[in-house]
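Sequence order for the protein chains is A and B.
Everything in the first sequence is counted per the working numbering, starting at 5 for the first residue and increasing by one.
Everything in the second sequence is counted per the working numbering, starting at 5 for the first residue and increasing by one.
Mixed in with the good hints there might be a few duds.
Each pair may be met inside one copy or between any two copies, as identical chains are not told apart.
In silico DSSO-like pairs for lysine-lysine, Cα to Cα no more than 30 Å straight-line [claimed, not checked]:
| # | residue 1 | residue 2 |
| --- | --- | --- |
| 1 | Lys55 | Lys19 |
| 2 | Lys231 | Lys12 |
| 3 | Lys12 | Lys235 |
| 4 | Lys235 | Lys168 |
| 5 | Lys19 | Lys235 |
| 6 | Lys234 | Lys19 |
| 7 | Lys9 | Lys231 |
| 8 | Lys231 | Lys55 |
No lab work stands behind these hints, which were simulated from the structure alone.
2 protein chains.
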Amino acid sequence: MAQTKINKDFILTVKLAMERMDLGFLRSTLADLHPADIAEVMDGVDMDDAKSLYRLLEDELAAEVMMELEEDVREEFLSALSSKEIAEQVIENIDTDDAVDLLGELSDEKKAEVISHIEDPEHASDLVQLLNYEEDTAGALMATELVKVNVDWTVTRAVRAMRKQGEEVDEVYTVYVVDDHETLLGSLSFKRLFFSASSMQSTIRDLFEAQELRSVTPDTPAEEVVKLMKKYDLVVIPVVNEAGRLLGRITIDDVVDYMQEEAERDYAMASGISQKVESDDSVWLLTRARLPWLIIGLVGGVLVAQVISLYEHQLQLDPKLAFFIPLIAAMGGNVGVQSSAIVVQGLANQSIDLSNILGRLVKEIGVALVNGAVCALLLLAFNLLFSDTLALSYTVSLALFCVIMIAGLFGTFIPIALNRFNVDPALATGPFITTLNDILGLFIYFWIGQFMYAL
Amino acid sequence: MAQTKINKDFILTVKLAMERMDLGFLRSTLADLHPADIAEVMDGVDMDDAKSLYRLLEDELAAEVMMELEEDVREEFLSALSSKEIAEQVIENIDTDDAVDLLGELSDEKKAEVISHIEDPEHASDLVQLLNYEEDTAGALMATELVKVNVDWTVTRAVRAMRKQGEEVDEVYTVYVVDDHETLLGSLSFKRLFFSASSMQSTIRDLFEAQELRSVTPDTPAEEVVKLMKKYDLVVIPVVNEAGRLLGRITIDDVVDYMQEEAERDYAMASGISQKVESDDSVWLLTRARLPWLIIGLVGGVLVAQVISLYEHQLQLDPKLAFFIPLIAAMGGNVGVQSSAIVVQGLANQSIDLSNILGRLVKEIGVALVNGAVCALLLLAFNLLFSDTLALSYTVSLALFCVIMIAGLFGTFIPIALNRFNVDPALATGPFITTLNDILGLFIYFWIGQFMYAL
Numbered sequence: 005m006a007q008t009k010i011n012k013d014f015i016l017t018v019k020l021a022m023e024r025m026d027l028g029f030l031r032s033t034l035a036d037l038h039p040a041d042i043a044e045v046m047d048g049v050d051m052d053d054a055k056s057l058y059r060l061l062e063d064e065l066a067a068e069v070m071m072e073l074e075e076d077v078r079e080e081f082l083s084a085l086s087s088k089e090i091a092e093q094v095i096e097n098i099d100t101d102d103a104v105d106l107l108g109e110l111s112d113e114k115k116a117e118v119i120s121h122i123e124d125p126e127h128a129s130d131l132v133q134l135l136n137y138e139e140d141t142a143g144a145l146m147a148t149e150l151v152k153v154n155v156d157w158t159v160t161r162a163v164r165a166m167r168k169q170g171e172e173v174d175e176v177y178t179v180y181v182v183d184d185h186e187t188l189l190g191s192l193s194f195k196r197l198f199f200s201a202s203s204m205q206s207t208i209r210d211l212f213e214a215q216e217l218r219s220v221t222p223d224t225p226a227e228e229v230v231k232l233m234k235k236y237d238l239v240v241i242p243v244v245n246e247a248g249r250l251l252g253r254i255t256i257d258d259v260v261d262y263m264q265e266e267a268e269r270d271y272a273m274a275s276g277i278s279q280k281v282e283s284d285d286s287v288w289l290l291t292r293a294r295l296p297w298l299i300i301g302l303v304g305g306v307l308v309a310q311v312i313s314l315y316e317h318q319l320q321l322d323p324k325l326a327f328f329i330p331l332i333a334a335m336g337g338n339v340g341v342q343s344s345a346i347v348v349q350g351l352a353n354q355s356i357d358l359s360n361i362l363g364r365l366v367k368e369i370g371v372a373l374v375n376g377a378v379c380a381l382l383l384l385a386f387n388l389l390f391s392d393t394l395a396l397s398y399t400v401s402l403a404l405f406c407v408i409m410i411a412g413l414f415g416t417f418i419p420i421a422l423n424r425f426n427v428d429p430a431l432a433t434g435p436f437i438t439t440l441n442d443i444l445g446l447f448i449y450f451w452i453g454q455f456m457y458a459l
Numbered sequence: 005m006a007q008t009k010i011n012k013d014f015i016l017t018v019k020l021a022m023e024r025m026d027l028g029f030l031r032s033t034l035a036d037l038h039p040a041d042i043a044e045v046m047d048g049v050d051m052d053d054a055k056s057l058y059r060l061l062e063d064e065l066a067a068e069v070m071m072e073l074e075e076d077v078r079e080e081f082l083s084a085l086s087s088k089e090i091a092e093q094v095i096e097n098i099d100t101d102d103a104v105d106l107l108g109e110l111s112d113e114k115k116a117e118v119i120s121h122i123e124d125p126e127h128a129s130d131l132v133q134l135l136n137y138e139e140d141t142a143g144a145l146m147a148t149e150l151v152k153v154n155v156d157w158t159v160t161r162a163v164r165a166m167r168k169q170g171e172e173v174d175e176v177y178t179v180y181v182v183d184d185h186e187t188l189l190g191s192l193s194f195k196r197l198f199f200s201a202s203s204m205q206s207t208i209r210d211l212f213e214a215q216e217l218r219s220v221t222p223d224t225p226a227e228e229v230v231k232l233m234k235k236y237d238l239v240v241i242p243v244v245n246e247a248g249r250l251l252g253r254i255t256i257d258d259v260v261d262y263m264q265e266e267a268e269r270d271y272a273m274a275s276g277i278s279q280k281v282e283s284d285d286s287v288w289l290l291t292r293a294r295l296p297w298l299i300i301g302l303v304g305g306v307l308v309a310q311v312i313s314l315y316e317h318q319l320q321l322d323p324k325l326a327f328f329i330p331l332i333a334a335m336g337g338n339v340g341v342q343s344s345a346i347v348v349q350g351l352a353n354q355s356i357d358l359s360n361i362l363g364r365l366v367k368e369i370g371v372a373l374v375n376g377a378v379c380a381l382l383l384l385a386f387n388l389l390f391s392d393t394l395a396l397s398y399t400v401s402l403a404l405f406c407v408i409m410i411a412g413l414f415g416t417f418i419p420i421a422l423n424r425f426n427v428d429p430a431l432a433t434g435p436f437i438t439t440l441n442d443i444l445g446l447f448i449y450f451w452i453g454q455f456m457y458a459l
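Extracted from the complex, chain A is given alone in its bound form (with noise of 0.2 Å):
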């Protein structure tokens, strides 16, 4: 049960190869490599020589690997080849939700002319037609290959006709049952059938027994898909239009990778980086999608220096109040990201509503009780023994409660409300809030302070 691993040995032994021209041995090595690890060794070796490699492999593998390459390597891979190749040796040989997403990469015009070198008017259709499907959704996630009989078929009709259409579908998860107008009308497991052990002369719809089958329609939104699925433990739903008839199907690992783009793209917009980025994307690349928060954070800290500015004459009186301008601001900021990340993660998997907002309020207050009261006597212990000024003792501690009570309720009320108004929560983390809290935390402390020294 030897799993081929690719590491730099193995990557070395390809190059070698190379550079000896043994095809033969290339072609063999390469032959019992799945696509996804082929597109390693392509992505470990330069642009010649992953060249060089995808020439010697079938059309069929050769697709399967392009879909499996780093995005930027297929950019590359694709601009090598016309639109008649790209349709007769890529499209042709790729599921219909992989072409839609190889398509989408595609300029308007190239795409116009691979589509239209594509031979089946059907399958050509089809593809117009996925790639009109609004991204996010239902309909960009889907694929209409799937294996399907009519209820009225006998079993050995339907086994026949499954045989065929078995081939083009990588994996059979489940067998769809439909009427003459295409209409879904359940499904039939492979495991069902094969232990049914009916005669081959009966029909399929005495096999079969209608059920409530879940499905979803190409708008449903992909989350919505990705909640249906997780909560049902499916590995495949099928896509029905309004009228319940079959269109496509969603496979679970479409599904797990859109998973994954959306946590990271959570990651990075919490971190402040307007795009997916990679750490092996260029240098534009990366300081364009980081450079906007960094502008916004800019203009911020410009407005924060307004508001210390208006207190001016108290910092002339004493000094040492700048000393925990730092830390009220990083600790608004911390107790802001705390608690707006928490809502951003009830609203996600909708354990907060409009219904328990007020709930959710009067919890983050108790929270924000405890955590300031902890946090202000520390402090307060630390400055009285170890400081001079009165004064500014009381004022900082009392300016610390003021400012991680205040943190709180507003990270938990702006990305409630930004999600009331349609905007992505997740936003509010990150520098907007950050911003926010520095310049109510900074108004707090040195109102407390005036107020303090005036004593």
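The hints should help you fit chain B onto chain A, whose structure is shown.
Relative to the frame of chain A, chain B by itself:
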């Protein structure tokens, strides 16, 4: 194809039926629902009603519903059952992987009691074995339920065995083929078995091609399992011991749940929350998860105060220097979090390794140069227009440029270093890196200020 939606109306209908004690209606309604939906209804009514509903369910369905409940609700339910009842009504009716999760939620004492009440000694020893696997490994994710046939069996015998085993396994994705020593030789898909149409007297060996089957061992890290299943688009992967003996299987639904939990944990950690909490957890739990990071932030803030106190004379000279303290601190924090987030994701998907650290640092310097220059010049333009202290304007912009450079390098370097010493690099983001950047950034700011004002 009506899909029952669990909404407020539906829950109200259930509540009303409970008030008028309409058990017939309740039983038939619940019987039509998926266990996950029943659990959702039970989460939507109060605890006493939930318990009444639970008592209406057949043992097997009740056990499945139990696994779908929220963890705190399940805890309450389990505490109402005796160890014997848990063993006989729940454990016997769920898969081993779920049983292990459930046992893990019990106290050690109760766990041992429950296991002692399991009738089948083989089942009990399977569970004890599974409980021994470490968290976040393949062993902890796997179930021992699977469908396997001996390679020397006739098709007739194999089908009989499969039918029997198939009753206990919810989703049969694949049939494993083993030899007399239970060594995994390969697999047969139902699709293949169904379409092969060989004589029922031929053996499995005739039907099946020994092929390279991807498998993992119980100590394979869960992360590695996720990567394999994602890379090769698997819905199930077998678990074998070192000798190749088949121990169990891991299904994609458990991997999807694991991925989701990991993503939530990473997001929480990046937001300064030390353990997985949900918005409906108690104030005490929420406080305990959040206070540790706040205290770290507090200590950081006190350290920053010490750094600034070194420059009290400078602040006395020009209190305006204090205006830009939050800006410098916040920008250092923002840049640090951005850089470290990109590195943390790169380490997670292995696009960063020891061989390209230098390249990564050079690229970060490039990004920081551009971002630093743009931000510093924008701020300089603003200050030259609106501020009357030339020394302050130059100080702030020069310090901002340096801080962006240094925060970028630290944000890149620290997670790589943590990873090198096997500490989770995600720790680097959040309050830790922010505090470090505050200290360094303000040190640079006042140091440059001292120099500029002396000119």
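Query raised in the report: Tell me, which hint numbers fail for this structure?
Result: Violated: none.
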